[in-house]
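Visitor: Sequence:
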Amino acid sequence: MEKQKQKVNVPVIADLFAKGEKPEYLFWVGSAGAFDDRYKNVTRAFVKILTCLGVSYAVLGTEESSTGDVARRAGNEMLFQMQAMMNIEILNGYEVKKIITCDPHAYNTFKNEYPQFDGNYQVIHHTQFLKEQIEAGNLKVRTDIFDKKIITYHDPCYLGRANGEYAAPRKVLDFIPSEKIEMKRNKSDALCCGAGGGQMFKEAEKGDKEIFIERTEEALATGADVIATACPYCMTMITDGLKYKDKNDVVKNYDIAEIVALSFGI
5 MEKQKQKVNV
15 PVIADLFAKG
25 EKPEYLFWVG
35 SAGAFDDRYK
45 NVTRAFVKIL
55 TCLGVSYAVL
65 GTEESSTGDV
75 ARRAGNEMLF
85 QMQAMMNIEI
95 LNGYEVKKII
105 TCDPHAYNTF
115 KNEYPQFDGN
125 YQVIHHTQFL
135 KEQIEAGNLK
145 VRTDIFDKKI
155 ITYHDPCYLG
165 RANGEYAAPR
175 KVLDFIPSEK
185 IEMKRNKSDA
195 LCCGAGGGQM
205 FKEAEKGDKE
215 IFIERTEEAL
225 ATGADVIATA
235 CPYCMTMITD
245 GLKYKDKNDV
255 VKNYDIAEIV
265 ALSFGI
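For the sequence shown, this note's numbering gives the first residue as 5, with consecutive numbering after it.
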């Protein structure tokens, strides 16, 4: 993944707006995409894809804050509403119409919860965007890096069960020359990674086995070389699961954006 550590230039919406320019998309980076060392690679990969495609986009930069998702899941409704209204004021101030994000939790919050406060946007998960671009012929595979690899995909709860999006990530992976295999529990029956709903910030509850370990074991049972994820929480939990099972050197956990960037030579 050394290739993804190169410096990339990202347009900031305030700078564009000051010049009278309005980008087509607002890329919502999210906390993990901005601060988590592992997930920064996903942000870099997706930004490179956007740049390669010549997409008109920008980020909020220092004006981006939390969507308030975790606050609401944890029961702090007041904090959630404060965050939502503050974000909506900023987004509307820049006349944002379309939002792309790699985070299903942000996707769900913008799509289903911000309209309660008159925050109405066309919200796109990055796998949906990638699917459209590939089907339009705008991205073409240039490497055979995954040609002899087995890939299994883990469904994020807030993309799958919460929003019914199971097809886009799989269609993107179908374009990648490789063997795909499903886990025993997949799509609407998929097991949660264990981090959603604010669980990432809580101590593990008592039980026979922690959820992220159980889910990692299901992924490993497929014999996959690569576990594909499409959510920062899922990436954290699956990566930790691979370390726990001492498999992180032989089985890789890549976000779909990283897989696309690597396969398309970006």
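Where hints are given, some of them may not hold.
Unchecked claim - Below, a list of computed lysine-lysine pairs in the DSSO-like style, where the Cα atoms sit at most 27 Å apart:
hint: 1; residue 1: Lys247; residue 2: Lys152
hint: 2; residue 1: Lys23; residue 2: Lys144
hint: 3; residue 1: Lys188; residue 2: Lys101
hint: 4; residue 1: Lys11; residue 2: Lys144
hint: 5; residue 1: Lys44; residue 2: Lys11
hint: 6; residue 1: Lys152; residue 2: Lys249
hint: 7; residue 1: Lys101; residue 2: Lys152
hint: 8; residue 1: Lys23; residue 2: Lys11
hint: 9; residue 1: Lys249; residue 2: Lys188
hint: 10; residue 1: Lys256; residue 2: Lys144
hint: 11; residue 1: Lys247; residue 2: Lys213
hint: 12; residue 1: Lys213; residue 2: Lys175
hint: 13; residue 1: Lys213; residue 2: Lys191
hint: 14; residue 1: Lys188; residue 2: Lys52
Hints listed in this document are in silico derivations from the structure and should not be mistaken for laboratory results.
Visitor: Confirm or reject each hint.
Guide: Here's how the hints hold up against the structure:
no., hint, verdict
1, Lys247 - Lys152, "23 Å, holds"
2, Lys23 - Lys144, "34 Å, violated"
3, Lys188 - Lys101, "39 Å, violated"
4, Lys11 - Lys144, "23 Å, holds"
5, Lys44 - Lys11, "12 Å, holds"
6, Lys152 - Lys249, "23 Å, holds"
7, Lys101 - Lys152, "41 Å, violated"
8, Lys23 - Lys11, "24 Å, holds"
9, Lys249 - Lys188, "19 Å, holds"
10, Lys256 - Lys144, "23 Å, holds"
11, Lys247 - Lys213, "16 Å, holds"
12, Lys213 - Lys175, "32 Å, violated"
13, Lys213 - Lys191, "22 Å, holds"
14, Lys188 - Lys52, "34 Å, violated"
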